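Given chain A, put chain B in place with the hints provided.
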Amino acid sequence: MKIKYFSWIKDITKKDNEEITNNKINDLKSLKKFLSKRYPNLHDHLIKDDILRIAINLEYISKNKKINSKDIIAIFPPVSGG
Amino acid sequence: MIKIQKKNFNLEKEINFIKKIHKNIGAVSTFIGYVRDINNNKKVTAINLEVYEEMAFKALGLISFKAKKKWNLIDTLVIHRYGKLKVNEKIVLVATFSKHRIDSMESCNYIMNYLKKDAPFWKKEYYKKNSSWI
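Protein chains in written order, with the numbering used here: chain A, -15 to 66; chain B, -3 to 130.
Okay, chain A solo, but in the shape it has when bound (with noise of 0.2 angstroms):
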């Protein structure tokens, strides 16, 4: 699965984007702890604070879903245009 990061969060896993193949992830709740290992400086905003959005698939997520390899999953803090 492609992972896409925004705004600070990218400064923290410093890369914009990455590929993931674990067989192990196959939702949401499993994709978050094993972000949350590869990146110490995530596990809070990820798992504690729950103040970072998902999409999956350019679709806005709040609650836990099964994800596949082919899915884009994008990860970033509330947004603050306009």
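No lab work stands behind these hints: they were computed from the structure. A couple of the hints might just be wrong.
[Stated by the list, open to error] Some but not every residue of chain B turned toward chain A, in silico, with C-beta under 10 angstroms: (1) F27; (2) Y78; (3) I87.
[What the hints assert, rightly or not] Facing chain A, a subset of chain B residues (Cβ under 10 angstroms, in silico): (4) I17; (5) I34; (6) V40; (7) A42; (8) V47; (9) Y48; (10) A55; (11) Y106; (12) M108; (13) K113; (14) S128; (15) I130.
In this text, all values refer to a predicted model and were calculated from it rather than measured experimentally. Beta carbons are placed, not taken as given, at the ideal position from N, Cα and C, and that holds for glycine.
Just chain B now, kept in the frame of chain A:
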């Protein structure tokens, strides 16, 4: 119509382009957002706007679609810029076109409110010596 672009826009030209397509427009409401020089008591010199372009098109399209269902609109126009913008530069334009004023005025406010909430854009503010995402 949705436009996501780096370049500036000319309000009069944008409005006239749509007015030429629809001769029944009697009311146009517009909102323009600009880069302010002070934000949260900090002197801002410029901003950088990041966008998730594919999702922004989808989100803005959906907001405009909902506005068209809710009000009697002839057309809508949203232009949102990205990239580095200096103080006083235009960031966003929302324009709504209808026969009568209430439809255009209320829907313009509605689109702008949802744009602020759902459109995937992020601002990084630049100060004299540093910068920060807001």
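Each hint tested on the structure:
no., hint, verdict
1, F27, "holds, 9 angstroms"
2, Y78, "holds, 9 angstroms"
3, I87, "holds, 7 angstroms"
4, I17, "violated, 26 angstroms"
5, I34, "violated, 16 angstroms"
6, V40, "violated, 13 angstroms"
7, A42, "violated, 15 angstroms"
8, V47, "holds, 8 angstroms"
9, Y48, "holds, 6 angstroms"
10, A55, "holds, 8 angstroms"
11, Y106, "violated, 13 angstroms"
12, M108, "holds, 7 angstroms"
13, K113, "holds, 7 angstroms"
14, S128, "holds, 9 angstroms"
15, I130, "holds, 5 angstroms"
Checked against the numbered hints above, the structure violates hints 4, 5, 6, 7, 11; every other hint is satisfied.
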